[in-house]
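K.L.:
Protein sequence lines, in the order shown, are assigned to chains A and B.
The first sequence begins at 1 in full-length UniProt numbering and counts up by one.
The second sequence begins at 1 in full-length UniProt numbering and counts up by one.
Everything labelled a hint here was simulated from the structure, so no lab data went into it.
One thing to keep in mind: the hints can contain errors.
Stated by the list, open to error - Here are the in silico distance ranges between beta carbons for each label pair:
| id | chain 1 | residue 1 | chain 2 | residue 2 | range |
| --- | --- | --- | --- | --- | --- |
| 1 | B | ASN79 | A | THR209 | 53 to 61 Å |
| 2 | B | GLY72 | A | LYS426 | 41 to 49 Å |
| 3 | B | ASN28 | A | LEU63 | 58 to 66 Å |
| 4 | A | LYS324 | B | ASN79 | 19 to 27 Å |
| 5 | A | ALA275 | B | LEU96 | 52 to 60 Å |
| 6 | B | ASN28 | A | PHE71 | 35 to 43 Å |
| 7 | A | GLY239 | B | THR69 | 34 to 42 Å |
| 8 | B | LEU96 | A | PHE71 | 36 to 44 Å |
| 9 | B | GLU76 | A | GLN212 | 25 to 33 Å |
As the list claims (entries may be wrong) - Some chain B residues near chain A, calculated using beta-carbon distances under 8 Å:
| id | residue |
| --- | --- |
| 10 | PHE8 |
| 11 | GLN56 |
| 12 | VAL60 |
| 13 | GLY72 |
| 14 | GLN81 |
| 15 | TYR83 |
| 16 | GLY84 |
| 17 | THR85 |
Claimed, not checked - In silico lysine-lysine, DSS-like type, Cα no more than 25 Å apart, as pairs:
| id | chain 1 | residue 1 | chain 2 | residue 2 |
| --- | --- | --- | --- | --- |
| 18 | A | LYS121 | A | LYS220 |
| 19 | B | LYS71 | A | LYS168 |
| 20 | A | LYS426 | A | LYS315 |
| 21 | B | LYS2 | B | LYS22 |
| 22 | A | LYS167 | B | LYS71 |
| 23 | A | LYS317 | A | LYS425 |
| 24 | A | LYS62 | A | LYS315 |
| 25 | A | LYS76 | A | LYS62 |
| 26 | A | LYS168 | A | LYS315 |
| 27 | B | LYS71 | A | LYS18 |
| 28 | A | LYS76 | A | LYS121 |
| 29 | A | LYS324 | B | LYS21 |
| 30 | B | LYS21 | B | LYS100 |
| 31 | A | LYS3 | A | LYS18 |
| 32 | B | LYS22 | A | LYS324 |
Note that CB positions come from ideal geometry on N, CA and C, so glycine has one too.
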Amino acid sequence: MNKIQDFLENKFAPFATKLAGQRHLAAIRDGFISFMPFLIIGSLFIIIQDFPAPGWQELQVKLFGEEFNQFIILPKRVTYDIMSLYIVASISYKLAQSYRIDSFSAAMLGIASFILLTPIKTTIDINGTTHTVSRVITVGGWYGTNGILVAIITALVVTEMFNYFIKKGIIIKMPEGVPPAVSRAFSALVPGFVIIDTMLLVRLLFLQTPYQYIHDFIYKLVSLPMQSMVANNLLGAIGTVFSISLLWSIGLNGGTIVNGIMRPFWVPLQDANLAAIEAGKLPPNIITEQFFDMIWIGGAGATLAVVFLLMFRAKSKQYRELGKMSLAPGLFNINEPIMFGLPVVLNPIGIIPLILGPVAITIVNYEAMALNLVARPTGVIIPWTTPPIIQGFLITGHISGAILQIVDILIVMLIWWPFIAIMDKKRVAEENEKVYNKGESLKL
Amino acid sequence: MKIVLICFAGMSTSMLVNRMKKAAANRNINADIVALSTSDMYEELDNADVILLGPQARYVLDEVREIATPKGIPVEVINSQIYGTMNGEAVLDMALELAKIK
Numbered sequence: 001m002n003k004i005q006d007f008l009e010n011k012f013a014p015f016a017t018k019l020a021g022q023r024h025l026a027a028i029r030d031g032f033i034s035f036m037p038f039l040i041i042g043s044l045f046i047i048i049q050d051f052p053a054p055g056w057q058e059l060q061v062k063l064f065g066e067e068f069n070q071f072i073i074l075p076k077r078v079t080y081d082i083m084s085l086y087i088v089a090s091i092s093y094k095l096a097q098s099y100r101i102d103s104f105s106a107a108m109l110g111i112a113s114f115i116l117l118t119p120i121k122t123t124i125d126i127n128g129t130t131h132t133v134s135r136v137i138t139v140g141g142w143y144g145t146n147g148i149l150v151a152i153i154t155a156l157v158v159t160e161m162f163n164y165f166i167k168k169g170i171i172i173k174m175p176e177g178v179p180p181a182v183s184r185a186f187s188a189l190v191p192g193f194v195i196i197d198t199m200l201l202v203r204l205l206f207l208q209t210p211y212q213y214i215h216d217f218i219y220k221l222v223s224l225p226m227q228s229m230v231a232n233n234l235l236g237a238i239g240t241v242f243s244i245s246l247l248w249s250i251g252l253n254g255g256t257i258v259n260g261i262m263r264p265f266w267v268p269l270q271d272a273n274l275a276a277i278e279a280g281k282l283p284p285n286i287i288t289e290q291f292f293d294m295i296w297i298g299g300a301g302a303t304l305a306v307v308f309l310l311m312f313r314a315k316s317k318q319y320r321e322l323g324k325m326s327l328a329p330g331l332f333n334i335n336e337p338i339m340f341g342l343p344v345v346l347n348p349i350g351i352i353p354l355i356l357g358p359v360a361i362t363i364v365n366y367e368a369m370a371l372n373l374v375a376r377p378t379g380v381i382i383p384w385t386t387p388p389i390i391q392g393f394l395i396t397g398h399i400s401g402a403i404l405q406i407v408d409i410l411i412v413m414l415i416w417w418p419f420i421a422i423m424d425k426k427r428v429a430e431e432n433e434k435v436y437n438k439g440e441s442l443k444l
Numbered sequence: 001m002k003i004v005l006i007c008f009a010g011m012s013t014s015m016l017v018n019r020m021k022k023a024a025a026n027r028n029i030n031a032d033i034v035a036l037s038t039s040d041m042y043e044e045l046d047n048a049d050v051i052l053l054g055p056q057a058r059y060v061l062d063e064v065r066e067i068a069t070p071k072g073i074p075v076e077v078i079n080s081q082i083y084g085t086m087n088g089e090a091v092l093d094m095a096l097e098l099a100k101i102k
């Protein structure tokens with residue numbers, strides 16, 4: 001047991017800390033997080049369009065006319081369906097910000113570069129013949145969720161190049177006295193010119209290949225294999241949940257770190273579910289980001305169950321108090337009080353159920369959805385702070401999602417109970433002896 | 001003085017901030033205490049007198065220090081036990097202590 005703790009503290013923790021703080025990973029993560037509100041807004045309109053109630057479609061037509069269905073979905077079209085444009089801008093922005101260079105220019109350059117790498121024409125069918133229409137930025141396709149990986153790569157490359165030029169001083173310098181806003185705009189001129197030229201060259205190079213565009217290349221070589229191997233299966237889900245719990249065991253916010261890496265592969269799966277819902281079909285994919293939101297009942301480690309155990313089963317006064325104090329944040333899936341207060345972090349007894357609990361309910365939830373006992377995530381995004389049970393209902397659009405979360409809480413309680421009992425016994429003994437090591441005592 | 005707390009989403013830290021504000025008010029200390037997420041921290045760092053990180057966000061420590069140390073702003077990670085029990089008094093003490101060194 002000590003060996004494991006030693007490994008976690010001295011080998012794994014420094015490595016994970018470095019990885020999590022890595023500038024580019026952080027920029028990708030923060031870029032996505034900044035865009036999340038728009039996805040949530042877009043989701044809301046999908047719920048309005050396809051509310052899971054019988055007769056709603058007919059009622060819409062009756063009340064607002066035939067056109068309404070396509071009208072009310074427009075907010076989704078301008079968020080999800082061109083999200084690669086937003087993503088390239090926000091990641092460029094965040095990376096430039098961490099370099100402390102002009103982030104607005106970086107974002108603009110990111111957008112221009114992304115479009116330069118993407119088809120600017122499309123084909124339409126008129127009376128059975130196909131016509132090519134040029135000068136079109138499509139809503140959907142590579143501009144939507146399928147282009148995300150290229151958007152990420154573009155953002156990183158463009159901002160790196162931009163930073164190189166700024167830091168090396170290869171820019172047009174304005175004489176002193178010129179307003180800073182003007183001189184900043186001019187400082188983007190030289191790097192911008194080189195970046196745009198480079199992107200034009202990349203476009204030209206890909207046009208010589210059978211792929212035609214970098215998108216097709218990345219999609220076939222990276223996105224599809226990653227989606228099927230890592231993202232969209234039970235082993236991938238267990239791996240994800242395991243890594244997040246392991247990171248939390250050393251006190252790092254595992255969800256942020258792992259989701260930041262996995263999100264680009266989850267978003268297309270979620271988008272496919274949305275498309276199915278829109279078409280009136282059942283969602284095909286079990287694994288989306290919301291599948292994992294449903295796992296973290298009360299926060300990482302699904303610790304709402306621990307809160308209940310502490311409140312109702314613990315004999316230690318401190319633990320009872322901790323349970324009471326953790327209930328309110330826990331209902332909104334915030335669990336730092338439990339993680340650091342119990343503590344679970346760097347506690348060899350706590351780490352076992354911290355990992356086992358979420359893995360167990362991942363298997364249960366996945367199988368329940370695979371066997372169609374429980375509805376699959378519809379692809380609608382709701383804030384991760386939505387209280388459990390309500391959350392399960394909203395994510396799956398079905399009461400079975402809510403019931404599943406209740407079952408999950410019970411499972412996690414069973415797994416944690418023996419471990420809490422051990423810790424509780426120890427704590428009670430300490431409380432009776434009243435021999436506190438000052439550094440360890442909880443000041444509640 | 002301005003005390004900036006940083007955690008991932010600024011959520012659990014804002015609980016702590018509320019407790020610190022109460023503690024500061026009880027002691028008649030005039031302090032501006034804010035919670036920030038790691039993704040929006042850049043704008044606010046420059047005006048801080050003390051920067052404290054939640055233990056779960058300690059992965060940004062190097063990055064924050066890179067910005068703050070040249071400006072002489074102290075940066076520390078909050079002790080996990082104190083953080084977990086949301087001990088506003090203790091964190092306020094820590095912040096005041098650090099500000100003194102500065």
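K.L.:
For every hint, state whether the structure bears it out.
P.N.:
Taking the hints in turn, this is what the structure says about them:
1. B/ASN79 with A/THR209: 53 to 61 Å: Cβ of B/ASN79 to Cβ of A/THR209: about 56 Å, so the range 53 to 61 Å holds.
2. B/GLY72 with A/LYS426: 41 to 49 Å: holds (44 Å)
3. B/ASN28 with A/LEU63: 58 to 66 Å: For B/ASN28 and A/LEU63 the Cβ distance comes to about 60 Å; the hint holds.
4. A/LYS324 with B/ASN79: 19 to 27 Å: holds (22 Å)
5. A/ALA275 with B/LEU96: 52 to 60 Å: Because 55 Å falls inside the window, the suggested range holds.
6. B/ASN28 with A/PHE71: 35 to 43 Å: violated (58 Å)
7. A/GLY239 with B/THR69: 34 to 42 Å: Holds, at about 38 Å.
8. B/LEU96 with A/PHE71: 36 to 44 Å: With Cβ atoms ~57 Å apart, the hint is violated.
9. B/GLU76 with A/GLN212: 25 to 33 Å: Violated, since B/GLU76 and A/GLN212 (Cβ atoms, about 53 Å apart) do not stay within the stated range.
10. PHE8: Hint holds; B/PHE8 Cβ to chain A Cβ min 5 Å, cut 8 Å.
11. GLN56: Holds: closest Cβ of chain A sits about 4 Å from B/GLN56, inside 8 Å.
12. VAL60: Holds, about 6 Å.
13. GLY72: violated (17 Å)
14. GLN81: holds (7 Å)
15. TYR83: At 5 Å from the nearest chain A Cβ, B/TYR83 passes the 8 Å test, so the hint holds.
16. GLY84: Holds, because the Cβ-Cβ distance from B/GLY84 to chain A comes to roughly 3 Å (cut-off 8 Å).
17. THR85: Hint on B/THR85: holds, closest Cβ of chain A at ~5 Å, below 8 Å.
18. A/LYS121 with A/LYS220: holds (21 Å)
19. B/LYS71 with A/LYS168: holds (23 Å)
20. A/LYS426 with A/LYS315: Distance of about 10 Å is within 25 Å: holds.
21. B/LYS2 with B/LYS22: Holds: B/LYS2 and B/LYS22 sit about 15 Å apart, inside 25 Å.
22. A/LYS167 with B/LYS71: Holds, at roughly 20 Å.
23. A/LYS317 with A/LYS425: holds (11 Å)
24. A/LYS62 with A/LYS315: With a Cα-Cα distance of about 61 Å, the restraint between A/LYS62 and A/LYS315 is violated, given a limit of 25 Å.
25. A/LYS76 with A/LYS62: With Cα atoms ~23 Å apart, A/LYS76 and A/LYS62 stay inside 25 Å; holds.
26. A/LYS168 with A/LYS315: The given pair, whose Cα atoms are some 64 Å apart, is violated under the 25 Å limit.
27. B/LYS71 with A/LYS18: Roughly 24 Å separates the two Cα atoms, so the pair holds.
28. A/LYS76 with A/LYS121: holds (22 Å)
29. A/LYS324 with B/LYS21: holds (21 Å)
30. B/LYS21 with B/LYS100: Holds - the C-alpha atoms of B/LYS100 and B/LYS21 are around 19 Å apart, at most 25 Å.
31. A/LYS3 with A/LYS18: holds (22 Å)
32. B/LYS22 with A/LYS324: Given that 25 Å is the threshold and the Cα spacing comes to 20 Å, the pair holds.
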